[in-house]
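Please build the complex by placing chain B on the supplied structure of chain A, with the hints as guidance.
Protein chains: 2
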Amino acid sequence: MSPRTTRVVCLVRRPEKEPAPGDFTVEERPLPPLGEGQLLVRNLYMSVDPSMRGRLESTEKHYTHNFTPGSPLDGRALGVVEESRCPGVPPGVYVRHQLGWRERAVLNAADTDGADRIDPQLAPLPTWLGLLGQTGFTAYVGLTRVAALRPGDTVFVSAAAGAVGTAAGQFARLLGADRVVGTAGGPDKCALLVKEFGYDAAADYRAEPVRDSLARMAPDGIDVYFDNVGGEQLAAALHALRTGGRVALCGMMSQFGGARRTVDINHLIQAVLKRLMLCGFIVRDHDDLRPEFEQQVAGWLAEGRITTRETVVDGLENAPGALLSLLGGGNVGKMLVSLGDSG
Amino acid sequence: MSPRTTRVVCLVRRPEKEPAPGDFTVEERPLPPLGEGQLLVRNLYMSVDPSMRGRLESTEKHYTHNFTPGSPLDGRALGVVEESRCPGVPPGVYVRHQLGWRERAVLNAADTDGADRIDPQLAPLPTWLGLLGQTGFTAYVGLTRVAALRPGDTVFVSAAAGAVGTAAGQFARLLGADRVVGTAGGPDKCALLVKEFGYDAAADYRAEPVRDSLARMAPDGIDVYFDNVGGEQLAAALHALRTGGRVALCGMMSQFGGARRTVDINHLIQAVLKRLMLCGFIVRDHDDLRPEFEQQVAGWLAEGRITTRETVVDGLENAPGALLSLLGGGNVGKMLVSLGDSG
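Residue numbers (our numbering), protein chains in the order written: chain A, 1 to 343; chain B, 1 to 343.
Take the hints with a grain of salt, since some may be wrong.
What the hints assert, rightly or not - Computed footprint of chain A on chain B, listed as stretches where at least three residues anywhere in the stretch have a Cβ under 8 Å from a Cβ of chain A:
#1 227-235
#2 243-252
#3 264-274
#4 278-287
These are computed hints drawn from the structure, not numbers from a lab. Bear in mind the structure is a predicted one, so any value in this text is a computation, not a measurement. We put the beta carbon where it would ideally sit given N, CA and C, even for glycine.
With the rest of the complex left out, here is chain A (with noise of 0.2 Å):
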């Protein structure tokens, strides 16, 4: 008898500013009746994302929708299917989707992103949601297409020891950078980014102001600089940045929460003089590039040129802490949320 109802994450209320834990409650919520087609799933990893952060807001969004005070959260998850209703998706497979922040989902198998089979062979389950996720496709569309990384190219990443951080700094080197530079928050980190991750150089962004700091760590400029963070780091990065430069932009943490400090915009007249190119990016308009992808970093993985870290909070009840963490700097590489026992 397959369950009636699952353990879903909801939205409480819009935060007021920094998201706090009463911004959200785990409920009971009914699971529809299995459809022609459709999958029962349940949810083994979730991916805790920092794109979530903007989505608790009420602002327009242009590219997916808000969350909503009274319903659940979604997000990229990977399940293993209970329950089939479509031929060719037998029980025990695994599948990446979108319906996270719950512990079981009814999935249409046939829609885009509805239930994309994964070979648990070929990578660990983490993997697929990090590295091998959209976390992965973020880093390598940012560098390869929109930053238009070139062999000798000189790379600055911000919250570098993020997951979209660890994998941009490993495929950058991987891709020919010559030399690979990174922020993060606290010196652990940066000793981290240097000792596993492949970067040449560190920062702690808190510690000395950016300009400083990449003036030290690449005193011959930048020619790319993969940007997570917005701000003050950016204005630090178009100084930085040499004639040609190519900014990806990723995101803009440093415009979330308290601490937030203006920072002038003008900073991009640096364009005007050093043609720079800055270009925001969303992966799904790249998915041309996935195969490519795909074949590249599973091969970096299977030969151990590449390292795969993840931090991971266990039970959905966790689930809203862990995104509490991510947006305090909490983890290194990729969040996740494991619902392993709850099955």
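Relative to chain A, chain B alone:
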């Protein structure tokens, strides 16, 4: 007997805030003797450019040199050859070059930009510094290559009544833009933009926030922003741009002068949300486009499909005043100094 000296405009000191008449002086300086391959040119028209503002400062340039206190200014000019030691360039020929801000100049005929011979039959002399000069070429490169203008686009141009702005609006329309809107300082300029320069709508940036005027002039959003000013107008454009929109970063006049206000760089989150591309450019990187540009614009001029308008000031001693007037928004179209009576 050829003249041994020429009057030149010199920089006395770098401006403290706004440039003032006392920052400039007109002096008599010796002319070097004419060497092999050189030309003595009497200047007839000199270009007065917004980009000169930045060259008065001491901050590092990446694409040109700063002016130096005690030394002559320079800039685009058009003159007639008075003496020649260059076979094939006889006296009486008209040349376009870089040694303006003086009545006479000795040029190396073979240098790039040293002496670019022009045909006065094809277009009036001032047009060779305006629509057919760097000014028009800047508008053309910014629209066609940097912003990748497509037929049907809605285009927004700031400083629309300036030399580049009056060219950009007309070019955008002729290149197939569906709607062209602009901002300028004051109601008279705005009326001219619609009446003479083919803009569908124009708004006074001093009279209301540009975010409001853009919402009125382009309620469905814009696809291309040709940015001459930066600051608040750039922020407004980021909000008005549609998904996939493109920004040609041509200048940042708002960063100079006492009225400068800080605008938050994190408006660039719009670039992430809507996959916007922003790109600074310098026309000389795009010289391969010049033949196409000259053919295109000469054709439009011959067909009477384009309006040229200059603000012309007479006499070298009035050149500093022309620059100050330009920086204060006193011109419509191309600002030129005429030296016709100086010979």
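Violated constraints from the hint list, given by number and in increasing order: none
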